[in-house]
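*Asks:* Residue numbers (the working numbering), protein chains in the order written: chain U, 2 to 322; chain G, 1414 to 1962; chain D, 6 to 267.
If you are wondering where the hints come from, they were derived from the structure by calculation, not from laboratory data. Hints may be right or wrong, so weigh each one.
Unchecked claim - A few chain U positions that, by computed beta-carbon distances, are all more than 12 Å from chain G:
#, residue
1, S129
2, K142
3, G151
4, E200
5, D240
6, E241
7, A270
8, I271
9, H273
10, A275
11, V282
12, P293
To be verified - Here are the simulated EDC-like cross-link-like pairs (lysine to aspartate or glutamate), alpha carbons at most 16 Å apart as the crow flies:
#, chain 1, residue 1, chain 2, residue 2
13, D, K201, G, E1478
14, D, K29, U, E53
15, D, K71, G, E1876
Cβ coordinates follow ideal geometry from the N, Cα and C atoms, glycine included.
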Amino acid sequence: MANGVLAITEQRDGKFRKVAYEVVSEGRRIADGLSGPLTVVVMGAALGALAEEIKAFGADTILVLDDPALADYRTDAYTNALAACLPAADPAVVLLGATAQGKDLAARLAARLNAGLAMDCTAVRVQSGSVICTRPMFGGKLFADVTIQGTPQIIAVRPNVMPIQRAAREAAVDTPAVETGEVKTAVVEKLMDAGGKVELTEAEVIVSGGRGTGGNFQPLEELAAALGGAVGASRSAVDEGWRKHGDQVGQTGRVVSPALYIACGISGAIQHLAGMSTSKVIVALNKDPEAPIFAKADYGIVGDIFQLLPAITAAVQKIKS
Amino acid sequence: MEREQLEFDVVFVGGGPANLAGAIHLKQLAQKAGREVEVCLIEKAEAIGAHSLSGAVLDLKALAELIPDYAARGCPLEETDLRDGVFYLTPRKQVRLPYLPPAMHNTGCAVISLSKFCAWLGAAAEELGVNIFPGFAGVEALYDAGGRRVTGVRTGDKGVGKDGKPKSNHEPGVDLLAKVTVFGEGPKGSLIREIGKKLGIFSGKMPQVYETAVKEVIELPADSPFWDSPFTVIHTFGYPLGLDTKGGGFLYRMKERRISLGLVVGLDYEDPMLEPYREFLRFKHHPLIADLIRGGKVLQQGAKTLAAGGWYTMPQLAVDGAVFVGDSASMLNVQRLKGIHTAMKSGMLAAETVLDAIGKGDLSAAGLRGYAARLEASWIRSELYTARNFGQALSRKGLFKFLHLGAQQVSGGRGFIDPMKTSEDGAALKAGHAAAAAPAPEVDGTLYIDKLTGVYLSGTQHEEDQPCHLVIPDTELCVTRCWETYRSPCTRFCPGQVYEMETAEGGRPRLKLNPSNCLHCKTCEIKDPFKNIIWTCPEGGGGPGYTIT
Amino acid sequence: MNIVVLVKQVPDTESLVQIAADGKSIKKDDIKWVMNPYDELAVEEALRIKEAKGGSVTVVSVGPQKAQETLRTALAMGADKGVHVNDPAAEGGDPLATAKILAAAVKGLPYDLIICGQRAVDEDNYQVGAAVAEFLGIPHISIVAKAEVLDGRIRCHRSIEGGTVVVEAPLPALFTTQRGLNEPRYASLPGIMKAKKKPIEVKTIADLGLDPATVGAAGRKVVIQALRLPPERKAVRMIPGDTPAAAAEELVRILHTEAKLI
């Protein structure tokens, strides 16, 4: 009978992505809730001792799927390899991160296994033996509690949400034969950070400017670059011709829902709030302490954005390096 | 540029109750007569009903004529148990009128959401084979070579940038050609304005006068005292406008714990500092209203003007190739505070005439004369003629209005002076800019909301990258004479905060336009004292997104 | 080149979304229904490929009668024909259940390429495209910001965190759209007129040879237990600082160690 949790990690260039630790930590919690084992899957090519790095987070077993065909993420290769080794593990829950890769893999795997999938969950809890997932819908305007019937229950958790927790235990490392089956897709090129700007509606971080910028968006651009985010604007800023229309956030512009929204010199009219109020964390920087944006923000600083922004950028760069 | 042309027998411009009823009736009559008519209806809103806003108490008379089994067909009526209460408000108190003026009796009427009602009529029209095109604005009437006969309408280009240049998704407008074009643009239409200039349909008529209504749909708690009120239809006059500015408040019961609440302000007010939106908030804060709406939440808000001039302001109803219906043709009965039934009836009478005229092959003004004749013989005439001086009497200051109203009451509408004159609303403003005495009404973001929150709740949306649809021929005037004489009344009369005056460098005022806030109410074009605002149609599909107003 | 586009009718993102009395679904009245914006990108991309390479564009949707409006919109934009699976048994499904229906509907059509939105902006599931491809046994590429049809292959720029991966797959294949792919055209008035005469084939679950117990609400594996509004935002935390630099550092520290966003 299906039992325990299988957590699928994500690595890039031989290094775990942060979401991997989140998924394993969350997997341990769920496995404990279900009183079952945690199996962790590490996938890729020429992984070396990568599996060792995840041991401290509570795996009972680590399955290493190491194969040249898994060098780059390709939906079909990864799905085939996982589907082949799943029956042996027979997990009750399959857990992975809802990243670009994880969302893609989870969806294909769910269809392959004819299994239910709760996508982009922001909370998972075990209650009298059943797993309840919380996930945003309608762009974050509503949250749903969902349960999944049948096994495995596939759960993709939103990155940067689940706490990382160490839970050292002896994990058995298993390296089963990898069956990637027929692979039709090919990665022909990777363009990492090649000056490609992040699309506003897809950005995880948005640094947005209003009238208070006076038209100088350079410090915003720099902070956005440091955070790997995009630059947005209020309608006033667009009306003044400081930014193009595609950058406008608000009721009549784009509706965005990033993890972090930094409003710089934006007063916070409801039309603007309508476009960004579902952001996870809102930071407001404004020299006017009465600006309505502060009422909708999580964190606020009253001050001159032209002094604050370079300092914030510098502090971010310090952490990132 | 070569434009695509599409030919129809009849093109209706505007998707309000007048044209929808007209299109439906035309199809019904054609079906009965076994005739084929190709009918098209365009509407600038993204969906039929999305720009429709009214009180609204509907006299069911016209609907019963048009669709006798309307109830069985699921016509969305909000409330049919109408119990009227009329109150005179002082700043803190109210007096209930012991006697209901006959014109205010609402037997045979129902509260509706005009937005829902129009959506329903639209579906009925479509079922009958009317080609309905929401999201397409008429931007220009088309004429024959002689320039006297209307031959159709041109729809607006889409995908034009702010700089006037076509964008990658540019879609040129098309020419909709028709034997007869029916204009039902509502109050202060942008096409009929130009037709009027060209063909003189308003000449010799009294100037049209308007009122602006700000309205909300509010959801009340289950334990609201309003559910126990003896009245389901409340009208007020007096506070906050007083007796020198015409207008009044209304509160109607709707389904699903909702009410419709609004204030109508006559646009012949004199004080340039008056702000209809602010008056609406003050009205809401009056104890009579505040007690009834306590605990409520505004679901939707909007604003719209209504053409209140009545009988003597009715334009010439037909020209070669075109007829005018509904508020465009001043069909509203201001005495009964109702215009939907008369609008519908006018559309139906126009439809009968148009079908006749097509049959006879005479689509000239003479061939369409039957419309005016039918109207003359219909109940529209008896209603509007009785009320022909009513609005003018209401415009009189203080208690004088009651003398006139009383005299009209006993003389079948004639009164002391017949006809009483109307004058243009824009000219009514008096110079001066004394600040308003009363403190700004409080807002809480839920039940009492500021203008911009109201704009948000109207759902109004426009493509941002398009030319500004509000044409201000002389922007210098705005910051000089208009500012000096009236302190820019546009910043107050507009209920959508489209107009803002900022202080530019050197302390000089600077006009800032927010055209995408526009609620398409047309107050600006009517009330601007310098006639310096010309409202043109923005890209089709833009504007409010009313669904329950 | 025969292209199939999967479209869905969803509440406009401007609509006020309210929870219905059952606590598990939304109120369907007073909502403006529109084509899922990611599907608009899919229709536009299909039309551009057709304009460049010839062929046909068929749009497929599952939904109630009203969903036909969305098919008509796609036809008005220029698609050639529509397939509408309209069956009460198809309603209320989860992405997997819906993908089964769509795959069955597409199976009966000639296709070289399938395009659909990366997700529908109602339940935000990001699943249907991949599942349809799986059920049809063809490759898929998700979240595509640029697509090129090559000889017998599709080359897609797929957006991932921090960059773009260029992926190729042999046709027939499916890809899902990302914003930035194109600027969808307006449905023109003549286009809408023509769309009225374009065929929409209406199918039921039985027509598709599916067992009603495996699709729609009956086939749902992901069950919504409760819907709720997002928690109210806590009161703002004002970050003091003697100097802008101090406040900035404190903000970044909080975002890094407490909010874990940097």
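*Asks:* None of the hints should be skipped; say for each whether it holds.
*Replies:* Here is how each hint holds up against the structure:
1. S129: 34 Å, holds
2. K142: Label holds. Min Cβ-Cβ 14 Å, cutoff 12 Å.
3. G151: Answer for G151(U): holds, closest chain G Cβ roughly 38 Å.
4. E200: 17 Å, holds
5. D240: At roughly 8 Å from the nearest Cβ of chain G, D240(U) sits no farther out than 12 Å, so the non-interface label is violated.
6. E241: 9 Å, violated
7. A270: 5 Å, violated
8. I271: 5 Å, violated
9. H273: 10 Å, violated
10. A275: 6 Å, violated
11. V282: For V282(U), whose nearest Cβ neighbour in chain G is about 22 Å away, the distance exceeds 12 Å, so it holds.
12. P293: Violated, since 10 Å does not exceed 12 Å.
13. K201(D) x E1478(G): Answer violated: K201(D) to E1478(G) is near 30 Å, above 16 Å.
14. K29(D) x E53(U): 44 Å, violated
15. K71(D) x E1876(G): Violated: K71(D) and E1876(G) sit about 26 Å apart, past 16 Å.
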